[in-house]
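So the chains spell out like this:
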Amino acid sequence: MSTLVIAEHDNSSLKAATLNTVAAAQQLGADIDILLAGAGCGDAAAAAAAIPGVGKVLVADNAVYEHQLAENVSQLVAEVAAGYDNVLAPATPNCKNFMPRVAALLDVGQISDIIAVDSPDTFQRPIYAGNVIATVQSADAKKVITVRTTAFDGVPAEGGSASVESVESVHDAGLSSFVSEEVAKSDRPELTSAAVVISGGRGMQNGENFKLLDGIADKLNAAIGASRAAVDAGFVSNDMQVGQTGKIVAPDLYIAVGISGAIQHLAGMKDSKIIVAINKDEDAPIFQVSDYGLVADLFDALPELESKI
Amino acid sequence: MKVLVAVKRVVDYNVKVRAKADGSDVDLNNVKMAINPFCEIAVEEAVRLKEAGVATEVIAVSIGDKSCQEQIRTALALGADRGIQVDVDTAAEPLVVAKLLKGVIDKEEPQLVILGKQSIDGDNNQTGQMLGALANMPQGTFASEVVIDGDKVNVTREVDGGLQTVSLNLPAIVTTDLRLNEPRYASLPNIMKAKKKQLDVYSADDLGVTVTKHLTQVKVVPPPERQEGIKVADVDELVDKLKNEAKVIS
Numbered sequence: 000m001s002t003l004v005i006a007e008h009d010n011s012s013l014k015a016a017t018l019n020t021v022a023a024a025q026q027l028g029a030d031i032d033i034l035l036a037g038a039g040c041g042d043a044a045a046a047a048a049a050i051p052g053v054g055k056v057l058v059a060d061n062a063v064y065e066h067q068l069a070e071n072v073s074q075l076v077a078e079v080a081a082g083y084d085n086v087l088a089p090a091t092p093n094c095k096n097f098m099p100r101v102a103a104l105l106d107v108g109q110i111s112d113i114i115a116v117d118s119p120d121t122f123q124r125p126i127y128a129g130n131v132i133a134t135v136q137s138a139d140a141k142k143v144i145t146v147r148t149t150a151f152d153g154v155p156a157e158g159g160s161a162s163v164e165s166v167e168s169v170h171d172a173g174l175s176s177f178v179s180e181e182v183a184k185s186d187r188p189e190l191t192s193a194a195v196v197i198s199g200g201r202g203m204q205n206g207e208n209f210k211l212l213d214g215i216a217d218k219l220n221a222a223i224g225a226s227r228a229a230v231d232a233g234f235v236s237n238d239m240q241v242g243q244t245g246k247i248v249a250p251d252l253y254i255a256v257g258i259s260g261a262i263q264h265l266a267g268m269k270d271s272k273i274i275v276a277i278n279k280d281e282d283a284p285i286f287q288v289s290d291y292g293l294v295a296d297l298f299d300a301l302p303e304l305e306s307k308i
Numbered sequence: 000m001k002v003l004v005a006v007k008r009v010v011d012y013n014v015k016v017r018a019k020a021d022g023s024d025v026d027l028n029n030v031k032m033a034i035n036p037f038c039e040i041a042v043e044e045a046v047r048l049k050e051a052g053v054a055t056e057v058i059a060v061s062i063g064d065k066s067c068q069e070q071i072r073t074a075l076a077l078g079a080d081r082g083i084q085v086d087v088d089t090a091a092e093p094l095v096v097a098k099l100l101k102g103v104i105d106k107e108e109p110q111l112v113i114l115g116k117q118s119i120d121g122d123n124n125q126t127g128q129m130l131g132a133l134a135n136m137p138q139g140t141f142a143s144e145v146v147i148d149g150d151k152v153n154v155t156r157e158v159d160g161g162l163q164t165v166s167l168n169l170p171a172i173v174t175t176d177l178r179l180n181e182p183r184y185a186s187l188p189n190i191m192k193a194k195k196k197q198l199d200v201y202s203a204d205d206l207g208v209t210v211t212k213h214l215t216q217v218k219v220v221p222p223p224e225r226q227e228g229i230k231v232a233d234v235d236e237l238v239d240k241l242k243n244e245a246k247v248i249s
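So the protein lines, in turn, are chains A and B.
In terms of numbering that gives the first Met the number 0, the first sequence opens at residue 0 and continues consecutively.
In terms of numbering that gives the first Met the number 0, the second sequence opens at residue 0 and continues consecutively.
Hints may contain errors.
[To be verified] To be clear about the criterion: a stretch of chain B counts as covered by chain A if any three or more of its residues have a C-beta under 8 Å from a C-beta of chain A, and this derived list gives those stretches: (1) 17 to 29; (2) 89 to 101; (3) 109 to 115; (4) 130 to 137; (5) 140 to 148; (6) 195 to 206; (7) 209 to 221.
[As the list claims (entries may be wrong)] Away from chain A, derived, C-beta distances all over 12 Å, residues of chain B: (8) T55; (9) E56; (10) D80; (11) R81; (12) R178; (13) S186; (14) P188; (15) I190; (16) M191; (17) K192.
Just so you know, the hints here were simulated from the structure itself, not pulled from any lab data.
Built from N, CA and C at the ideal position, the CB exists for glycine as well.
Please model the entire structure based on the sequences and the hints provided.
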């Protein structure tokens with residue numbers, strides 16, 4: 000048995016999601032190799048080679064993989080996957096984009112967003128926005144899996160010395176091209192890897208009021224998130240959305256401000272270690288999952304909290 | 000330009016779904032069913048393309064038993080021109096759905112196929128991408144903007160930390176994210192008109208597809224309960240608890 004893990008990276012550095020995915024792969028009990036596709040991605044490949052327990056790192060370094068276009072990357076992954084029993088990738092927006100394409104090219108089903116490995120062919124995954132957890136068994140000889148990263152503690156980033164081999168295959172499907180990218184420049188930590196997350200909901204009333212979260216986020220080095228209701232209402236952009244259809248987070252401290260606690264949102268944050276809820280409605284469902292609930296008007300509580308931490 | 004839009008019949012998003020006591024499946028007895036919210040956004044986008052004079056015909060397709068004709072009629076009431084039901088009796092897996100949709104593409108030869116990014120029942124987020132691979136079409140997933148430009152479509156996508164724009168050769172696949180548009184409500188006259196629109200039914204055989212099973216649902220259980228915590232009286236107590244009890248801030 001052998002397992003191929005697809006690395007998540009931005010060409011210059013390896014993303015922590017790769018470490019969580021290796022952790023999930025270890026539970027399958029097979030040898031693990033990593034495939035890293037990008038352009039000018041030598042540093043990220045070196046970081047992948049330092050992960051303990053990895054046999055080899057396969058690097059496809061070519062301009063056609065620079066922007067992770069699904070049409071190109073999926074063909075590469077499907078080709079490399081021929082030699083493996085399992086293909087695992089983190090359930091990040093990037094890997095969610097190309098992994099089902101890989102599964103279809105291999106004519107197998109994909110098991111999305113697993114949160115536990117029961118056996119090498121049986122997995123647990125949340126369905127219905129996390130209202131129920133399904134146990135599913137795969138009949139395919141080759142397993143294509145995406146991993147909910149917050150459900151697996153990452154393996155150490157250092158200590159290994161895997162060999163690095165280059166993959167020369169160049170797959171340019173000729174169907175798509177990269178035009179532009181608009182990535183918000185922020186000094187804050189990334190939502191999915193921050194130790195502290197503070198999120199606002201519909202109770203924030205408008206996008207302007209999200210500034211009330213800034214000072215607290217600065218002091219706690221927190222990432223700022225939002226509920227789907229706040230995104231739907233147009234207060235903030237969708238990449239801030241925490242929930243089943245947005246980002247899944249599990250920080251040490253999660254502060255939910257003006258968020259009622261729809262199941263959709265809870266599915267994205269309920270694995271946080273400590274949850275704080277600030278809401279003026281004492282019956283809000285968010286209080287059923289919070290460790291510390293403060294029934295208060297957020298417009299009073301936030302400035303006070305900022306001044307006292 | 001012909002646009003194919005896929006719609007799925009799912010539990011209404013307001014329904015809180017529970018596992019059956021015996022853990023065999025979720026309990027869907029007497030619950031309200033609706034068109035999947037992301038599919039609704041897909042229909043809206045297709046109809047807007049038609050209203051803008053870009054699309055000439057919008058075809059709504061659904062895979063399922065006869066009951067999914069209700070969701071096809073909803074799409075027709077929202078402005079789709081005609082419907083196709085691919086009749087399968089059990090809940091088909093994403094790979095099978097993608098194969099059936101590929102069969103419909105072969106018959107209809109649309110220039111653009113729009114689907115929701117995921118359905119709120121299985122939460123798989125697979126079908127559009129799989130269809131892209133099977134039909135050898137490019138894909139613009141998690142779309143927040145779709146602009147047709149001659150024989151290409153520019154799709155702006157929701158990615159980590161921001162937006163990415165890709166240019167795709169037509170025919171292409173688009174899957175919708177939340178911010179793409181705000182779907183309209185169907186008016187009563189349009190609901191009445193939708194009843195008269197053409198709706199064809201195909202079997203998997205008609206499309207040359209064998210329905211296969213790759214995954215078996217062994218059981219479903221409720222998620223682990225989180226212990227309810229305490230209410231604090233004021234901000235001072237909250238800060239004290241976070242510092243001295245939870246020790247998550249210093």
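Hints, verified against the model:
no., hint, verdict
1, 17 to 29, "holds (count 3)"
2, 89 to 101, "holds (count 4)"
3, 109 to 115, "violated (count 0)"
4, 130 to 137, "holds (count 7)"
5, 140 to 148, "holds (count 3)"
6, 195 to 206, "violated (count 0)"
7, 209 to 221, "holds (count 10)"
8, T55, "holds (23 Å)"
9, E56, "holds (24 Å)"
10, D80, "holds (27 Å)"
11, R81, "holds (27 Å)"
12, R178, "violated (5 Å)"
13, S186, "holds (23 Å)"
14, P188, "holds (28 Å)"
15, I190, "holds (25 Å)"
16, M191, "holds (30 Å)"
17, K192, "holds (29 Å)"
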